[in-house]
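**Q** Assemble the complex: chain H is given as a structure, and chain D must be docked to it using the hints.
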Amino acid sequence: MMNIDIKKQTRVIKENLFSSPVSTLLTFITSYIMISFFRGMFGFATAPDKDWLSVLNNMQLYMVQAYPESDFIRIWICVGLGFIFSGLSVGLWETEEKTSLSKLCLTFSKIVSGIIFLTIIAPTTSVVVSTATGIREQVDVFSYAERIPLLSILLGLLVVFFLISKINLSFNKSLLVSIYLLVPIILLWIMKIPTIQLDADNQRVFPDPLMPIANSTKIPWTLIWISFVVAYLVGVYFKNKKQFKNAVSISWVLLPLLIFSWIFKKPLIDLNELIRNDIPVFIGFLLIGVLTIYFINNKIVEKFYSYYLGLLVVVTIASLFLKVILLVKAALLLLLLFSVIIPAVSTSAKGKRSLTIVWVVSLTTTAFLLEGGTSTTQIVVPGSSIFGGFSLTWLLAIFGTYVSFPLGVLLALGRNSSLPIIKGVCTGIIELVRSVPYITWLFFASVTMAVFLPDGVEFNLIVRVLIVTAFFSGAYFAENIRGGLQSIPKGQFEAADAIGMNTVQKTSLIVLPQALRAIVPTLVSSIITSFKDSSLVTIIGLFDFLTIGRMVIGNQSIPINFIGHDRENLLFIAFVYWVFTFTLSRRSMKFEKRLGLGER
Amino acid sequence: MNKKAIVFLLVFAMVIVACGDTTEEAAVEATEEEHDHEGESTLEQVQERGFLKCGVSTGATGFTEVGDDGSYSGFDVDYCYAVAAAIFGDYSKVEFKQLTSAERFTALSAGEIDVLIRNTTWTQSRDTELGNDFGPTTYYDGQQLMGRVADGLSNSSTVADIDGLRVCTNAGTTTEKNITERVGLAGGTIQLITVEAFSEAIDKFIAGECDIVTTDGSGLVGRRAVNDALNDWVIFPTSPISKEPLGPTYRSNDSQWADIINWTVYATIIADEYGVTAANVDSADLEANPELGRLFGANDGELQTKMGLSADAYYQVIKQVGNYDEIFSRNLNPLGLYREGGDNDRWADGGLIYAPPAR
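Each protein sequence line maps, in turn, to chains H and D.
For the first sequence, my numbering assigns the number 1 to the initial residue and increments by one for each residue that follows.
For the second sequence, my numbering assigns the number 1001 to the initial residue and increments by one for each residue that follows.
Calculated directly from the structure, the hints in this document are not laboratory data.
Keep in mind that a hint or two might mislead.
Across the chosen pairs, the derived CB separations fall in these ranges [claimed, not checked]: (1) D/S1071 with H/V463: 21 to 27 Å; (2) D/E1129 with H/I219: 56 to 62 Å; (3) H/F321 with D/D1127: 34 to 40 Å; (4) D/E1291 with H/L570: 48 to 54 Å; (5) D/E1340 with H/S86: 56 to 62 Å; (6) D/T1238 with H/D201: 30 to 36 Å; (7) H/T583 with D/T1106: 38 to 44 Å; (8) H/P212 with D/E1129: 55 to 61 Å; (9) D/E1340 with H/Y32: 57 to 63 Å; (10) D/E1340 with H/D201: 20 to 26 Å; (11) D/D1127 with H/D71: 39 to 45 Å; (12) H/W578 with D/A1207: 22 to 28 Å; (13) H/L584 with D/D1151: 47 to 53 Å.
Source: prediction; values computed, not measured.
C-beta: ideal position from N, C-alpha, C; glycine also.
With the rest of the complex left out, here is chain H:
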């Protein structure tokens, strides 16, 4: 592997980069732009007037804003759950079984060569604008003398990789990945980071002393990473168990609910209310679901099923605006989702059985979570809202997607429906929502929505924003999905008709699976967009991740003065957004590969 065929490589470079005068020119221009960009960024980041501790010291503010420290354990558990399920999923859907040492060395050599290249081209000077005079001065950063030790180490590594790659050895990929994953833990325990220290007069000590990472950060992360690795290994072990995969998929759907109800309020159960309201509602919905599952194949039921669905949609949407207990709203939503998939799955006795199990489990979980989530013992956050900083960004992004995706599917199907009223309503919603900019909708949520709501109902601003976001991205999802629906050849419909399928079966078994598969890349880009768009809530006074860096940190004077250090924070924010969106798009690429997109 490592025996790079020089001639072949030269040919590849020539064919790709210098095949014609135009492409040669383009290669030079782009590489010039890329290199200047890197040099500029590097110079900016390393300039001595930058105070990167303004980022590090405010990490808690960035992540959870004012969430009380005594309840951090809840946040850690939620983050841990997220990691455990990610680990399981990565393990379960791991495609490659084996890997070899030479392959590994090749990857590492590529990374190391990249770093060597960047080290060589990094600038030696950086521009500092003098605050007093406004004059730009050149200051020395990262001189060649400092680079030589680093470069020699890197070159040494390259040689080592070259030598090791000769050894013919192959091993399980899971082993390798677990070793990878353990590296952060080791780093956590040995790394020392600059920390702000105040002396007796409350003045900051310069230069900032290097300290080990605080236990309050180190220990939770260690536990989380270990559970991540364990979950990954469990996932790999149960790879071929289909039920396990299904369980993990369903858990993913339920997880956000658990996380947010857990973060929001301390569970407390009022027995009286439980018996009076929640248990009857629970049993009612349980019965409705089970009856629907078992009577779906009845002729008459089939005939009226689309009307039933339509009614359910109307009731669900209406219930969101009416004053009914939260459990009814949630159960209605859940029932709606189920009723859509029931005709597709509930065709055999086995399907019916598993669907019943899923229905009972998910309804119970929802009821249980809401019971905890709506109790009156809210976590007290002195001064501000529970969600702020990254937790708010995350809430908006996840719940935006979570609610808007099913909404989008329904709207798209409705728009393609042959029933004029449904078609009209869905088209109306989509066009109304899409023709108004998101910022205007946000102002609508912040200022006007109170007027539209029935008397006596008042939502928290965050809830109002969530409703607006759900509809807004729902409309965009709907249009994307409609694109997918149109990509399905007419022959598919005719074939489905020919074997006697009804509309619901046709939609859920033939149309939707293909339509959704075709638009995975568009869907991911929609999710990424809604993740980034969440930063717009700053204009209606919500404190998301971006606002904290832009408005808050640059104004801090007590106890540590970070006034004016907002550019470092902006760069950091950009980096975090990049990490998340990049990870998302990488995962979606793997997902596309698994679905065989673009290959069939």
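**A** Just chain D now, kept in the frame of chain H:
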């Protein structure tokens, strides 16, 4: 077949019943808050709610800051704490709403906040047209300009000297109107560059994208100090180009609520006049100073109870938050802003900070 249809119809009916039935009951324990506060005074609403909703700035150094643990501090924030201490005897019962300058008055009139303490300038139109009333001024500020000595500016420069220069300031504030008006009067022209947040204006100033930056003097002094530019940046003219009295703002036509806010501010000023601080409030000689006695709850605190507060309301304010001088020096001295000799000094020392007697 028919039987099954009936079963299905039953299912249908259950959906409707399930919804209809709970609608009535849910009205009692609905998760949403009750909104029906017609005819209730602001004080009653606040007491019923159990905490004060205080509108503050999205970020103004020294006035509203959010610390690295999400806690609030600053001059304006301390007055929010003081009002909460007066109403509940517990300063921490405040929920802060951080508002941009564009949305602050809307939020106040929509009832999203009970009081706005967000370095807001008291002007005639804001007082008369917007349905607001202004409380006593807590900080006398004035708009000034900041330029570079290197550009030939000095303490004695005037607005006429900035003809043709680029000026950075916040959009949508009185600052923007003042500078345009003044420069127009002086017969000059400037290139106005407006930004959303003042920190951006300073960034542009440092980067040389504008020659002059203008806002309230308090903001300029603070920024000059933290940038170590005492000798290179100059703040002028010596007497500000505008008057910016900053203080609490509340909705019109609720005089009980107005009294509570006003007297909270006055209490901090009176305590300062007597030298009573959070540290020595317990040992203050109330016999020798009957005014203090009345303020802190003598005669069963009838002055306070008639306002709808508890007898020791203002004692709690001083005990938990501090007097005017403490609030001022705690938040603004680190920025290089001092009371001595300025407008914010005690009236007895030639300043403007004055409170009516507590009697």
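**Q** Next, verify each hint and record whether it holds.
**A** Status of each hint after checking the structure:
| no. | hint | verdict |
| --- | --- | --- |
| 1 | D/S1071 with H/V463: 21 to 27 Å | holds, 25 Å |
| 2 | D/E1129 with H/I219: 56 to 62 Å | holds, 57 Å |
| 3 | H/F321 with D/D1127: 34 to 40 Å | holds, 38 Å |
| 4 | D/E1291 with H/L570: 48 to 54 Å | holds, 52 Å |
| 5 | D/E1340 with H/S86: 56 to 62 Å | holds, 59 Å |
| 6 | D/T1238 with H/D201: 30 to 36 Å | holds, 32 Å |
| 7 | H/T583 with D/T1106: 38 to 44 Å | holds, 39 Å |
| 8 | H/P212 with D/E1129: 55 to 61 Å | holds, 59 Å |
| 9 | D/E1340 with H/Y32: 57 to 63 Å | holds, 58 Å |
| 10 | D/E1340 with H/D201: 20 to 26 Å | holds, 22 Å |
| 11 | D/D1127 with H/D71: 39 to 45 Å | holds, 43 Å |
| 12 | H/W578 with D/A1207: 22 to 28 Å | holds, 24 Å |
| 13 | H/L584 with D/D1151: 47 to 53 Å | holds, 49 Å |
This entry satisfies every hint, going by the numbered hints stated previously.
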